[in-house]
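Chain A is fixed; fit chain B onto it per the hints.
Taken in order, these protein sequences are the chains called A and B.
So in this note's numbering, spot 60 of the first sequence is number 44, and the numbers just go up one at a time.
Plus 8 on top of the position in the second sequence (first one is 1) and you've got this note's numbering.
Bear in mind the hints are in silico, worked out from the structure with no lab data behind them.
Be a bit skeptical, because a hint or two may be false.
Calculated cross-link-like contacts (lysine-lysine; reagent style DSSO-like; alpha-carbon spacing at most 30 Å) [to be verified]: (1) A:Lys41 / B:Lys79; (2) B:Lys57 / A:Lys(-7); (3) A:Lys(-7) / B:Lys77; (4) B:Lys79 / B:Lys69; (5) A:Lys41 / B:Lys77; (6) B:Lys57 / B:Lys79.
Source: prediction; values computed, not measured.
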Amino acid sequence: DSGVTQTPKHLITATGQRVTLRCSPRSGDLSVYWYQQSLDQGLQFLIQYYNGEERAKGNILERFSAQQFPDLHSELNLSSLELGDSALYFCASSKGTTGSSYNEQFFGPGTRLTVL
Amino acid sequence: AQSVSQHNHHVILSEAASLELGCNYSYGGTVNLFWYVQYPGQHLQLLLKYFSGDPLVKGIKGFEAEFIKSKFSFNLRKPSVQWSDTAEYFCAVNARGADGLTFGKGTHLIIQP
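Next comes chain B alone, as it looks inside the complex:
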């Protein structure tokens, strides 16, 4: 079975700082990878996804992530964060052929103005 590990449970940054959230997964086969965001009081929204092809994927709101197969990693990045990026961020993996998503425990990101 697959598993997902998010290294940072709480991150506090100032506006305009650069962001990188770590995500590693454990699964020997082919996977689809995702980052979801949950703003306070709102539902989970898809930020970006990787299925195949270019390992550097761009998502909404200026976020991007890089899939490094050799490291089983899919780290989320944003060059300059804004106060509105305050939210919970979840990395998720879906093994090819399976249907449910396996989520990491989430990273609570707080951006200070």
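Excised from the complex, chain A in its bound form:
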């Protein structure tokens, strides 16, 4: 158990719908990262938040957004869902952010999203 929790474990929805994935970081970690794992694209970095502020963006679609709340949990919102959005969405957390030293990212169990 990494200490990072994600809910729900599974989510099945229809095209055009909107869903919210939730992540609670390890105690004391300030950074939250979101990744998407699909068969064709592999594991891709989507976005990072640090202490409530957006820190870095990766290959995140405009239909997707995220936020980090004062209690440091984060939510990833996916809207206008398409079949191709079906994937495993991972959240990771770390103590800080890169600077002079790297903070190891600890991964949650993931949320499996199926869009029908």
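Below, chain B without anything else, positioned relative to chain A:
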């Protein structure tokens, strides 16, 4: 932008065989390098990491990796694999100053008893 290439998508070995999984990255600057493992039904776990210093790094469960800067490589090795090493292995790179990890496509390792 950086990219990571893992040469072997599927590897099947017998117990006690030696393992080497290839990883090459593409990035001109300074990088941090990682190997993660994902056991069936479990979350990603860090096996080992390289930031600086000795290019031969040792990780958990008897794994090690060697950073060869001239070859942009960070190959994972284990002298004698066990059935419990069956898992998906991911190489990842993080460019210094950036925060998200760039992952390779992964190698599915199956160890036959």
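The hints, checked one at a time:
no., hint, verdict
1, A:Lys41 / B:Lys79, "holds, 29 Å"
2, B:Lys57 / A:Lys(-7), "holds, 28 Å"
3, A:Lys(-7) / B:Lys77, "violated, 40 Å"
4, B:Lys79 / B:Lys69, "holds, 26 Å"
5, A:Lys41 / B:Lys77, "holds, 27 Å"
6, B:Lys57 / B:Lys79, "holds, 18 Å"
In summary, the one numbered hint that this structure violates is 3.
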